[in-house]
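Chains as they are written, first to last, in the numbering used here: chain A, 1 to 472; chain B, 1 to 414; chain C, 1 to 478.
Treat the hints as calculated values from the structure; they're not laboratory data.
Owing to the predicted nature of the structure, the values given are computational and were not obtained by experimental measurement.
Do not rely on the hints blindly, as some may be mistaken.
Calculated lysine-lysine pairs in the DSBU-like style (CA-CA distance at most 35 Å, straight line) [as the list claims (entries may be wrong)]:
| hint | chain 1 | residue 1 | chain 2 | residue 2 |
| --- | --- | --- | --- | --- |
| 1 | A | K173 | C | K376 |
| 2 | B | K190 | C | K315 |
| 3 | C | K464 | A | K63 |
| 4 | C | K76 | A | K243 |
| 5 | C | K208 | A | K44 |
| 6 | C | K208 | A | K134 |
| 7 | A | K244 | C | K76 |
| 8 | C | K315 | A | K134 |
| 9 | C | K464 | B | K254 |
| 10 | B | K266 | A | K134 |
| 11 | C | K376 | B | K190 |
| 12 | C | K76 | A | K242 |
| 13 | A | K137 | C | K464 |
| 14 | C | K464 | B | K7 |
| 15 | B | K266 | C | K315 |
| 16 | A | K36 | C | K464 |
| 17 | C | K464 | B | K190 |
| 18 | C | K208 | A | K173 |
| 19 | A | K63 | B | K254 |
| 20 | B | K254 | A | K36 |
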Amino acid sequence: MSEQKPRKSAEKKMPKAFGWMAEYQDEHSLLAAARKVRDSGYTKTDAFTPFPVHGIDEALGIKPTVLPFIVLCAGFTGLGIALLMQWWMNGVDYKYIISGKPFGITPASIPVAFELTVLFSAFTTFFAMIALNKLPKFSNPIFTNPRFDRATNDRFFLYVEATDKYYNRDSVKELLGGTHPDSLDEVLEDTTPSTLPRPILLALLLIVVTGLIPAMIILNMRAGYSTAPRFHVFFDMDFQPKKKTQQPTTIFADGRIMRPQVKGTIARGQLEEQDAFYLGYDPSKMTMLEKSNSVMLVSAQTPSDGNAPVAATKTPDANQTTPAPTVATEAPKLPWIDKLPIEANEESMKLGKLKFETYCSACHGYAGNGDGLVHKRADSLAQGYWLPPTSMHIDRVRIQPVGQIFNTITKGQGKMASYATSLSPKERWSIVLYVRALQRSRDANIEDVPAEFISTLDEEPKSASPKTVSTK
Amino acid sequence: MNLNYDKASIEIPQSWRAKAPILFSAGLILLVIGMACSFLAPATGGDNTPALRYLTHSYLANFVYVFSFTLGALFFILVQFLTRAGWSTSIRRIAEILMTMIPYLAILFVPVLVMLFWGSSALYGWNASAKDMENSVVAAKATFFLTKEFFTIRTIAYFTFWILAGSWFFRLSRQQDESGDTELSMIRQKWAGPLIMIFALSISFAAFDWLMSIDADWYSTIFGVYLFSGSMMGFFAMMIVISMLLQNAGKVQKLITVEHFHDMGKFLFGFVMFWSYIAFSQLVLIWYANIPEETNWYRVRLEGNWELFSYGLIPVHFVIPFLFLMSRHIRRSRPLLLSGAIWVLFAHWYDMTFLVMPNAGSAEFFPMFGHFLGGIGMLCIFAAMFVQRASGVPLVAMRDPRLPEAMSYANPIL
Amino acid sequence: MATIASTFNPREIDNTDDIPGRRAPLITGDQSYNSITEMVCRVAENPQPMVWYIAFGFSSLTAVMFLSLIGFLILKGVGIWGNMNPVFWAWPIVNFVFWVGIAHAGTLISAILFLFRQNWRTSINRASEAMTIFAVVCAGIYPGIHVGRAWLAFWLLPYPSLNLWMWPQFRSPLLWDVFAVGTYASVSLVFWYMGMIPDLATYRDRSKSPLRRMIYGILCLGWTGSSRHWMRYEKAYTLLAAFAAPLVLSVHTVVSFDFAVSQVAGWHTTIFPPYFVAGAIFSGFAMVVTLLVPFRTLYKLENLITLRHLDNMNKIILATGSLVGLAYATEFFMAWYSQNPYEYFTFFNRAFGPYWWAYWTMVTCNVISPQLFWFKRLRTSPYAMFVISIFVNIGMWFERFVITVTSLSRDFLPSSWGYFRPTMFDGLMFFGSFGIFVSLFLLFCRFLPTIAMSEVKGILSITKHAAHAHDGAHANEH
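Use the sequences and the hints to build the structure in full.
Next comes the structure, spelled out in structure tokens:
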């Protein structure tokens, strides 16, 4: 384990000398000797001690290190990287709203910024120290002297290098000899063979090769394709003990996993399928329809695009690229009920207003014009593919029976989601009532105004302009 | 170790003693002018005239500002004995003098109590009569905890503890000046632990009572630690300034070495960081959870013309002192460290203003100018009190058995 | 075979009295540089005592059990734990915080006490740092296996992924944890290793076999003890200490943020950061005491890890324990003061609700048991401190349990209240982590320098020098 360089000189009989090394019992003798050597003008000197001896820097004339400056730079680098990284990753490249927190640098960026500052500084401290000390250095001529083993235990060594410009073998020996060392030896070059023993070399090679195997396997898997079936690690996740709807079974004679309803039973929620209050149409009148029940039912039960898009498409371009669905012309003509199944009193009107403003106004606007906040926002983004929410005041909606409006709320339409889970049937009917009131407010007569409020109107309303009418 | 010293070199300079009455009256005048400035505030709505609000808030902020130095001193003394520290022996007496100023400063708190009993709710909204209290949360607190009587009792309890602990430790220290008895150090070492626990409790609750209850709606469990961190930071800055001025006047020159300044500089730096840590912790938790009853405190501070002031806290109180005090070079250079300490004293005042003044109203020029004058006035009064307390007291505990240790240590690497 | 320390132990010398003006010796006996080397190197060079083999046998079996349970967990999913609505953050998080807390003592001792020039740290810092690393290892396991698909835990790191096209969420405190704990683990490791370099060189120079010499030689990077190296080394050590000191505070601060940034009553309170840090130091020192009391007896190191070291650590336990008590009190007071019904309910529920037993265990162990350390007899008795330190650790585990589980089991919606019941796997996987921890610590004793020899020698040098100067001064006077 030696350096490559001394090999040439190894051919000569005399090993090369690197300098003189004196050994001392304690740190005080070392310090005294070091001062003496320094005062004699030697600069290529060093001391080797088991612990940092105070005052040795001054005694040897060691200059302070640049380490703190390097670390300061590393710290600022860490801080900069952390802030930049967070700003770019969460503020630019991958914006993701988390409880309305702003993007970019916020108080939430500080912890990571702090940690990375410390991480960079600390690692730089360590590695810069190692590098400045020119470590690791496994072969060192000073190790050739067996006495030097005690330099890490309880002895103190002073070393004058032969490369010093004032170095003279004899005068240095004399100088060091005058400091009463325990021993004084010349540091000679390491003459032991410099190659690693073969078994160690083989073992190292083996470790490296085996270490590469997993990496190669992963690389191979990433790059290639495999036709072999996947290896199932999580068996109970991949093969769950359950039957899917269309699968066959051997349990029942007909082999179907989905069972028909047992005669004389009513499933949970099925009762509601019989009542116009829950449906918006009268199921008993279904037989009077010209088309078969099933077709009508399906079109009513599934949220279809309905007839909204025709009116909604904003630009002529959009009209061309996305032709209106054919369903639009064939709106389901179910036996919608025309009469509200709830009583139109002040209470339900208030409830309808409350629920309309909670759930509907975000898109349809408070007045039902189809200009809610969502619409305004989407419109301002001007992305071209936004279908505006339907206005309550277009003729198509105005002529709709109440049952159909109820059905729209229940099932949803187009982009509009179903509100059946959020609103009870009563609340939905109240909304229908409120929508009706909104619609009527655009088309009211003076007779609609209660007598006691007529006097409060400023002037005779012009027949053309819409006027607000108290819903009472 | 033999310590030859000249008695005169550890006494307060004669010229300072002569200036004390002038300083005191100048301080009072500045305080009054400052208060007068509050009356130039533009009138706004509300029960209390804005002038009264500005005036009382400003007085409290400036009072807590100077008082926190003495609290820091008390804690410092207790900790030095608790940890059996040797390095600080030669600067300890200055801190002890600061500590014994608590009874003098307590008098300055009397106006606040008088104001409470006079029935004013200009400073503490909870002192309003029940029918004026539209806020049910505050009303609930004002049933027994935030009442003028209980508040006064608590305040007296805090002061009693601080005064008793401080004067007892000071008395033992003075006795040691005469006898040099090591037993006197042992007693203090023994009692420092329990006293520090009571101290922690008292400063926490004093912070809740005096400062946090200005906005009686708001609460933050860390608030006591916040005041503590600022106080310690201010205390070390004050220590550096006082020791430096004493040395410039030719006193305690050999006893307080560059190593002590270096160490105090490190503590100053450390507490700048600690304050930032505490302030950040409070901010980030409230900012993140975003609960209305908590964010309101910050909303008041980050709205209108307070916004710029509050953001100013980051550079004034953290970035500038942090970067400035980071270097070992600066901590060991007297003029640079002194300027750093003076900056931190300003930063601490800035922080106290941030804590209190936004609750008085918007940041108007005249009340703020008056508040600044009042701060300087308080500092003058504080200085006069210090000179008064320090008269006839040696500035170094010369017979403390640990003094040789303080004289002979050297800072290692950092 | 050694037993637990006895007060009649001849090596047990009371050096806890500190007469002002005269510092009591930090290490007892008439020590020289060589005797320190001998004492420390003996730990690794001599054959290990029988206790070591028994302990290692048990702990490695436990560790193997823990690792197998992790495998089982990955196969079956986190359903094997008791985590169930509404308490989804249960034992794994409690264990994580528990171990991270313990991990605070090591770096605190080596960094903060270093900055405060507390020389007594030198005898205990190495073992505490080792303990820190091993505790972080234990802590890191739990979030890793708690993420569900543990093999994808590396998604927590911000790496440019061609598959995901996304980045971690930096506004989440859980991600701050990744950075804080990651930084803490790696910086602690560097700090620990750097401190060991000179001592590894001592091990190298004392090695008889060439293989041993080579391994230690590689580990110590060819350290010679050159003064130029020492100068940079000391500077680097100081700088690392200066970085590690705020880092220690930041780690448990960030862990406290995990809870405190939320709006859950009992979690969201601003004192959490300093209070968690105090608690972490508290539990960390308790664990150091728990480990070092048997350790010093087993390896006959009573002269190096003296009663004074233990006394000082117990004082820190007392101080931080009282701080934690103060924080409990402040929280309770503020629950009333805030007039927030949810806060008020939460704290009432903690003390008198279904988890009253956990709460009062916590208070007893954390606040009351360290108060025993007011008595010097207990502070300097290895038996007493061993028992109390274990109680403290039990208490600190329960503290995290109380915080996590009581708040979650009673949130704002009474319809989703529940009662958490751990399963067998919860218990075994907590117990198993001790297997990993103890095994690693025993291996550390077996192979690495357990006491920072070079630092102890440095302190000895200063003490001897001071004694010289003192004698000299006396001579001059007479």
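Inset, instruction - Hints the structure violates: just list their numbers, smallest first. - result: When the structure is compared with the hints, numbers 1 and 8 turn out to be violated.
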